[in-house]
Structure formats: C-alpha cells, structure tokens
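There are 2 protein chains.
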Amino acid sequence: MKKNKVSNAVIRRLPRYYRHLDDLFRGGVVRISSNALSRSMGFTASQIRQDLSCFGEFGQQGYGYNVENLRKEVAEILGMNRGHSAVIVGTGNLGRALIQNFHFEKSGFALTAAFDVDPAIVGGQVGEVPVYHIDRLEEYLQQHPASVAVLTVPRGAAHSIADRLAGAGVRGIWNFTNTDLALPAPGPVVENVHFADSLRTLSYMITDVE
Amino acid sequence: MKKNKVSNAVIRRLPRYYRHLDDLFRGGVVRISSNALSRSMGFTASQIRQDLSCFGEFGQQGYGYNVENLRKEVAEILGMNRGHSAVIVGTGNLGRALIQNFHFEKSGFALTAAFDVDPAIVGGQVGEVPVYHIDRLEEYLQQHPASVAVLTVPRGAAHSIADRLAGAGVRGIWNFTNTDLALPAPGPVVENVHFADSLRTLSYMITDVE
Chain G
-16 MKKNKVSNAV IRRLPRYYRH LDDLFRGGVV RISSNALSRS MGFTASQIRQ
34 DLSCFGEFGQ QGYGYNVENL RKEVAEILGM NRGHSAVIVG TGNLGRALIQ
84 NFHFEKSGFA LTAAFDVDPA IVGGQVGEVP VYHIDRLEEY LQQHPASVAV
134 LTVPRGAAHS IADRLAGAGV RGIWNFTNTD LALPAPGPVV ENVHFADSLR
184 TLSYMITDVE
Chain P
-16 MKKNKVSNAV IRRLPRYYRH LDDLFRGGVV RISSNALSRS MGFTASQIRQ
34 DLSCFGEFGQ QGYGYNVENL RKEVAEILGM NRGHSAVIVG TGNLGRALIQ
84 NFHFEKSGFA LTAAFDVDPA IVGGQVGEVP VYHIDRLEEY LQQHPASVAV
134 LTVPRGAAHS IADRLAGAGV RGIWNFTNTD LALPAPGPVV ENVHFADSLR
184 TLSYMITDVE
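Chains G and P, in that order, give the protein sequences.
If you read the first sequence in the numbering used here, its first letter stands for residue -16, the second for the next number, and so on.
If you read the second sequence in the numbering used here, its first letter stands for residue -16, the second for the next number, and so on.
In isolation and in its complexed conformation, chain G is listed as follows (with noise of 0.2 Å):
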C-alpha cells in the first residue's frame, strides 16, 4: 500500500466510495460497471480509477467491480476492521446525540467510556456507555488504550484536554469544538468537523446570483 503517496484529496474520496458502495451492497447490487458507478457517484470512471489505483489494482476490464469485494477492500484500506475503539469527552447535548444516534460500529469503532464533570451524570451511563469523571481520563486509557477520542467539550476546555489526551497516547482526535487544536507534533491526528462549511456550501447553492 503506497501510503505516504496518497494525496488528501483521495483520503477524503475513500469515504465517499465506502458509503456508496456500502449501499450498493444492501441493496443487493452484486456488479457494477465502472461507467454506472460514475455516474451514480458523480465522479469520471478515470477518476475512480486512478483513486483506486493508489491502493491497487481493483476492477476487471469488460467486468467493472464486484462491489462486495470493492466495499470490503475499501473498509480494508480505511482501516475499519482493525477494532478501533473511542472514548468521548463531554456529554453535553452534541456529546450525547454522538452516542445515542451515531454508529461508531459502522465505522469499525467500538465506544467504550465517555468522561464528564457534572455530577449529576458521572457514574452513571448515557445510552450503554458508562460516564466517568474527566479526572480519571489519564487513568482509563493507561488501561483501556482508545486510538479515538472525540472531543465534544465546549470550546473553552478543548485545548487543555487536548493536551491531556495527546500526552495519554490517543493517536486521533476527532474535534467538534470548532477550535482549532495546535498540538506538538508528533502528537495525535486531529479531524475537525466543520458544521459552518456544510451549511456555507448549502448557502452558495440555494443563493441566487446577482
């Protein structure tokens, strides 16, 4: 796998083929030819091509792709099957609509523990998760190692904990925060999640031009 070669606008696409065909497959789709999944993604056959060529070789001329092996090789590629686990910190409305709605499992993440401060909710769970207090984050993941945490504190606390959890060895921050973590390389992967930038694209499309 040619990793360090591949360019951040295909690691953004990878995704998008996941889902796509993930859709494919329960829709009981079990071939497609390279032409259909074009269109029916949006991109140029090439395109797909040379996306997927970065990975290896996928797809059969005169055959197109066998779309169970493609959603497989692809979940592969993004690493969902190497039993991830998360952590979330904060529970707060965002923090609990994550773990009441969202399926990290779908993603190849197991959700184990979720840290707060209130007591009104530490010790007890939200959904199956159980809520410890964020005194004891250091503490869990020196047991429990979490290759995800999801930070969904408000903004205020983002950057202290983002340190905290940098230093307990989580390899990826996944920041709702909408603040901007600089932390000392080589430290965690950070994923921001930018609600602003989805609805400014909403807003270009619905505006009429003058």
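Be careful, since some hints might not be right.
Which copy? The list can't say, so a pair holds if one copy fits it or any two copies do.
As the list claims (entries may be wrong) - Result set (SDA-like, lysine to any residue): computed pairs, CA atoms no more than 25 Å apart in a straight line: (1) Lys89 / Arg14; (2) Lys(-12) / Phe26; (3) Lys(-12) / Arg(-1); (4) Lys55 / Gly39; (5) Lys55 / Pro102; (6) Lys89 / Gly152; (7) Lys55 / Cys37; (8) Lys89 / Val112; (9) Lys(-12) / His86; (10) Lys89 / Asp163; (11) Lys55 / Gln108; (12) Lys55 / Phe178; (13) Lys(-12) / Gln30; (14) Lys55 / Gln125; (15) Lys(-12) / Ser29; (16) Lys55 / Val13; (17) Lys89 / Phe8; (18) Lys(-12) / Glu59; (19) Lys89 / Asp118; (20) Lys89 / His142; (21) Lys55 / Arg(-4).
By construction, these hints were calculated from the structure, which means they are not laboratory data.
Assemble the complex: chain G is given as a structure, and chain P must be docked to it using the hints.
What follows is chain P alone, placed relative to chain G:
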C-alpha cells in the same frame, strides 16, 4: 459570476477559504502573499488562483491578497450577506446542540424557529428559539418563508418531513438524518452531513499500513 460552470470541488473548497481568511482577518493579518496563503491552507498557489478565478479577479501580482477584501468577496460568493433564514425541525440532542452551540449568524443565517412533537417542549424555547408543534410547520413557513430547514428528526421521520418542507417551499435542507432524501426535482437542494465520512478519514490516518 460564472456560477453554472463552477465545479463541485471548487464549491466545497470555498468555505475553507472563507474560514481561513476569517481566521487571518481576526488575527489582524492585513495582506498575505499567495505563497504564504497556499502554505497555510495546504493548496498550491496556482490551485488557489485557479479556484478564485472562477469568480473574478482577486489578488495582485507582487502584492498578494488583501485579507479583509478577499474574505468579504468570498462571503459574498457564498451568499453569506443575503439575509438567509433557517428553521430547525427536531429538538432532540443534536437539534438542541445546534440551536445552543452553532453560530448560524456567522454563516449568514438567522435561526427563527424550531419544530417538534414533544408536548414537554412545544410552546417553550430552546435558547432564544421558540419551539412550535410540527403541525404548524406549513402555516409558519407561509408567514415566515425560510431559506433553509435544518433536519434533525429521527431517521424514520426524515422522508415525510422532507416532503413537507419541499411542499412548503424551502430552498435548502441541511440534512443530519443520515438518510438519503430522494426529493422530486425541482425541489430543495439537500446538503447531507455525514459524520461517518469524517470518522472514517480519521480511521485511515491513524491506521498503520500492514
């Protein structure tokens, strides 16, 4: 503005330009060379020039970009100064998180109302936003046309509510339901928020090559 000819990829990058320019502006940066902008954004200078050239002439040979002006121009292109309004349907955890923590106004939207079916919350407010019964959706939108509806209802209700929103004339649906909304054309533009894509990208980044 050659809006019809602008590719999806360029459109998706525009909010990132805005966000970056906004950070620079707030940081007091008055002007930036195209090389410095490209380094800090991770795009090549020629990519940036090419992206912006879809919308007109920006920057100046030997001067670079005036941050405040370019930020304003990009905001204009994104339709952020058009007095857009939004309503939100669904005041569960995610809906509440958005109402209370997401700054709609920073993307040029006024959030005017929320809708739900829960008698415990209908008639009250979340933050500053009044919550009405979903039965009053069409009536409200007739009196207060909204540019965008934020869809944070449970998955099972997504299609029927989306149909009603389309019927009531909203121009965009910001869809958090993890369901593909197949609406008859010409209907609202749908912008899907796919949390899983983001987590799977992070998964890729933290996964070692085998």
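How the hints compare with the structure:
Proximity of Lys89 and Arg14 under a CA criterion of 25 Å is satisfied intra-copy only: 22 Å inside one chain copy versus 45 Å between copies. Taking the closest pair of Cα atoms, Lys(-12) and Phe26 come within 25 Å of each other both inside a single copy (21 Å) and across two copies (16 Å). Within a single copy, Lys(-12) and Arg(-1) get their C-alpha atoms as close as 20 Å, and across copies as close as 23 Å, so both meet the 25 Å cut-off. In this assembly of identical chains, Lys55 and Gly39 lie within 25 Å of each other by CA distance solely inside one copy; the values are 13 Å within and 44 Å between copies.
For a Cα distance limit of 25 Å, the shortest separation of Lys55 from Pro102 qualifies neither inside one copy, at 43 Å, nor across copies, at 45 Å. Within a single copy, Lys89 and Gly152 get their C-alpha atoms as close as 24 Å, which meets the 25 Å cut-off; across copies the closest is 34 Å, which misses it. Taking the shortest Cα distances, Lys55 and Cys37 sit within 25 Å of each other inside one copy (16 Å), while across copies they are farther apart (38 Å). For the identical chains of this complex, Lys89 and Val112 are intra-copy neighbours only, at 17 Å inside a copy versus 34 Å across copies, given an alpha-carbon limit of 25 Å.
When the C-alpha separation of Lys(-12) and His86 is checked against a cutoff of 25 Å, the pair qualifies neither within a copy, at 30 Å, nor between copies, at 37 Å. For the identical chains of this complex, Lys89 and Asp163 are inter-copy neighbours only, at 17 Å across copies versus 27 Å inside a copy, given an alpha-carbon limit of 25 Å. In the homo-oligomer, the alpha carbons of Lys55 and Gln108 never lie at most 25 Å apart, since the shortest distance is 33 Å inside one protomer and 46 Å across protomers. When the C-alpha separation of Lys55 and Phe178 is checked against a cutoff of 25 Å, the pair qualifies only between copies, where the shortest distance is 20 Å, while the shortest distance within a copy is 29 Å.
Both within a single protomer and between protomers do Lys(-12) and Gln30 lie at most 25 Å apart by alpha-carbon distance, with minima of 16 Å and 19 Å respectively. Taking the shortest Cα distances, Lys55 and Gln125 never come within 25 Å of each other, neither inside one copy (32 Å) nor across copies (48 Å). Taking the shortest alpha-carbon separations for Lys(-12) and Ser29, both the intra-copy value of 19 Å and the inter-copy value of 21 Å come in at or below 25 Å. In the homo-oligomer, the alpha carbons of Lys55 and Val13 lie at most 25 Å apart inside one protomer (13 Å), although the nearest pairing across protomers, at 49 Å, exceeds that limit.
When the C-alpha separation of Lys89 and Phe8 is checked against a cutoff of 25 Å, the pair qualifies only within one copy, where the shortest distance is 14 Å, while the shortest distance between copies is 40 Å. When the C-alpha separation of Lys(-12) and Glu59 is checked against a cutoff of 25 Å, the pair qualifies only within one copy, where the shortest distance is 18 Å, while the shortest distance between copies is 36 Å. For a Cα distance limit of 25 Å, the shortest separation of Lys89 from Asp118 qualifies neither inside one copy, at 30 Å, nor across copies, at 34 Å. Taking the shortest Cα distances, Lys89 and His142 sit within 25 Å of each other only across copies (22 Å), while inside one copy they are farther apart (29 Å).
For the identical chains of this complex, Lys55 and Arg(-4) are intra-copy neighbours only, at 16 Å inside a copy versus 30 Å across copies, given an alpha-carbon limit of 25 Å.
When held up to the earlier numbered hints, the structure conflicts with 5, 9, 11, 14, 19 and fits the remainder.
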